[in-house]
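Trainee: Quick note: the sequence shown, position 50, residue 50 per this note's numbering, numbers continuous.
Rather than coming from a laboratory, the hints here were simulated on the basis of the structure. Just to be clear, a hint being listed does not mean it is correct.
Said to hold, decoys possible - Distance windows between CB atoms, simulated:
(1) Asp138 with Ala41: 30 to 38 Å
(2) Gly120 with Gly75: 20 to 28 Å
(3) Asn112 with Thr38: 23 to 31 Å
(4) Thr145 with Ser85: 38 to 46 Å
(5) Ala118 with Ala53: 16 to 24 Å
(6) Asn63 with Thr33: 53 to 61 Å
Everything numeric in this text was worked out from a predicted model, so none of it was measured. No residue lacks a Cβ here, since even glycine has one placed at the ideal position from N, Cα and C.
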Amino acid sequence: MKMLHPYSRGNAPLCNPNTFANSTLFYQKIRSTVFNYTLLALAILFTSWTLEARTYTTTGLSNDWNNPDAWTCSGGGCNNNPVPSIDLNNIDLIINHSIEYTGNNPIRVRNNNSITIALGGSLTLSSNLNLDSGGLVDIDDGTLTIGPGVFNCNGT
1 MKMLHPYSRG NAPLCNPNTF ANSTLFYQKI RSTVFNYTLL ALAILFTSWT LEARTYTTTG
61 LSNDWNNPDA WTCSGGGCNN NPVPSIDLNN IDLIINHSIE YTGNNPIRVR NNNSITIALG
121 GSLTLSSNLN LDSGGLVDID DGTLTIGPGV FNCNGT
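Please model the entire structure based on the sequences and the hints provided.
Mentor: Written out as C-alpha cells, the structure is:
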C-alpha cells in the first residue's frame with residue numbers, strides 16, 4: 001500500500017527520499033553561507049578596531065587637556081578626535097609637558113592602553129584615575145598629581 005501526502009495533487013509519496021536528500025543539501029548550503037558571512041563580519045569588526053588606535057603626545061602649546069593645541073595625534077580617527085577621550089580605549093598617551101584635566105568624570109585606562117609620563121612631563125588630575133587590569137601608567141621621571149580624586153589601580 002502506497003501512502004500519499006494529505007495535501008498532494010496526485011500520487012506524491014509521503015516520504016520521497018530524493019526530497020530529503022535535496023533539503024539536507026539545501027540546509028548545508030545555508031549553514032555554509034551563514035558561516036562565511038559571520039567570518040567576514042568578524043574580520044571587518046576586528047580590522048576596524050585595530051585601525052582606530054591612536055597615540056596622543058603633548059605639544060607644550062597648552063596645558064589644558066581639552067585644548068586641541070595641547071596634543072598631536074597619530075593613528076586612525078585623529079581628525080574627528082583632536083583631544084584624547086577620558087576613556088582610553090585604543091588610545092595611548094605620552095605626556096612630555098605639563099597637562100591638566102579639571103573635569104569631574106574619571107580618566108579610565110583600559111586593557112592594553114597606556115599613559116606614559118616622560119622626563120619633564122606632568123599630569124595633574126582633579127578627578128579619579130581608574131586603571132583597569134592590563135592597563136599601564138608608566139611614570140618615567142615625570143610627575144602625576146591627583147586630587148581631590150584618587151588613583152584606582154587594577155593594572156600595572
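Trainee: Compare the structure with the hints numbered earlier in the document and write down the numbers of the violated ones, lowest to highest.
Mentor: Number 4 only.
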